[in-house]
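Engineer: So you can see what is in the structure, the chains are spelled out below.
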Amino acid sequence: MPSTIPLTQDVLESIQRHLGKATADMYARFYSGKDEKRVLASYQEILREVVGIAKANEEINLLKKKHRMMSV
Amino acid sequence: MKNERTIILGGFIAFFALTLYGYITDVGGPIGIPLKEWCYVISPLIAVIFSFGAVRLYGLKSTYGYPLFFLSLGLFCWFVGEALWVYYEFILAIDPFPSVADYFYLAAYPLFAMAFFVAMKKGELKIKSFDKIIVFLFGLNALWLFVLVGYFGIYLAYDPAATLIENAVSIAYGVGDLVIFLACLLSLVLAWEYREGRIVMTWMYFFAGFTLILVSDIFFALYYKEYELGIQSYRITLDMLWILGYLYFGFGMYELAYLIRDIQGRALRGLK
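Residue numbers (numbering that gives the first Met the number 0), protein chains in the order written: chain R, 0 to 71; chain H, 0 to 271.
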């Protein structure tokens, strides 16, 4: 079953894990009103820069799988 | 922001140059304490300030929040230990070994162990995903280095002429060095894990910091008498290695804070 948690919520949790709560709060404001595609694109860019492409792709693929989206 | 980074890096280099000047010229400083001793105490303080700054920005609920907090507490213990050491030596004019300063130095080791234990657990590192040959070679090198650190830090630290408490403290330092050795390895593993990302620099700086501290601790155990006699070459080399180690920790923490603020800046620019 696809996740019932909105994708943005999961993205923000991941941002909090990697870059702290203050950063996640800022991005919560930044992402508000934005569609999931834009949120995911922004999140991918940040994560790849911070933890590296391979590690980021692992996490992004898991997220996409959870929300039943196409893999990277 | 790039200018700020350059200024901070310049500040670290300038401080190191000032410290080197203090050691070479042996000039005096405020309240009768030589400049070199001031620099020796200020260097862990720099690491502590940047550490708690990074922890404040990063928060405790993030993957490496608690590890960084424990690391910062450990650095704080080292700062208190160094300050007490200088206080005993220059204000009270008594031999600081063994003293309360040693207890603060030693208190840092379990905190570092805790930091890396939590980091490995929360970082969800999959050792199985590493190449088996790399794991084998890494393990083999780790084993002989572990024996080497144990031999120099624990076995050679025992002095039959010293008191029980002196020997206990010396051996505790040896055990502590094994923790530092593990911290070196684990920071290298974490650096490898994030090798493609910007966060790798923080782990590389920590690796450099732990390595410098470990090397100087081993040399201190080997050349304790020469160091205590104040032979300039031993004193300068060992102290500079310790100081450089602290500065690496400080800059590693700054790098992390810089990365977070850089990413935060993008969201803020998007909001304007």
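Hints listed in this document are in silico derivations from the structure and should not be mistaken for laboratory results.
Treat each hint with caution, since some may be false.
[What the hints assert, rightly or not] The calculated lysine to any residue pairs, modelled on SDA-like cross-linking and capped at a C-alpha distance of 20 Å, are:
1. H:K121 to R:R16
2. R:K54 to H:G52
3. R:K54 to H:T62
4. R:K54 to H:W191
5. R:K54 to H:E3
6. R:K54 to H:R197
7. H:K131 to H:T62
[Said to hold, decoys possible] Covered stretches of chain H (chain R as the covering partner; in silico rule of three or more C-beta atoms under 8 Å from a C-beta of chain R):
8. 78-85
9. 131-140
10. 238-248
Every residue gets a Cβ at the ideal spot worked out from N, C-alpha and C, and that includes glycine.
Engineer: Check each numbered hint from earlier against the structure, then list the numbers of those it violates in ascending order.
Structural biologist: Hints 2, 5, 7, 8, 9, 10 contradicted; others consistent.
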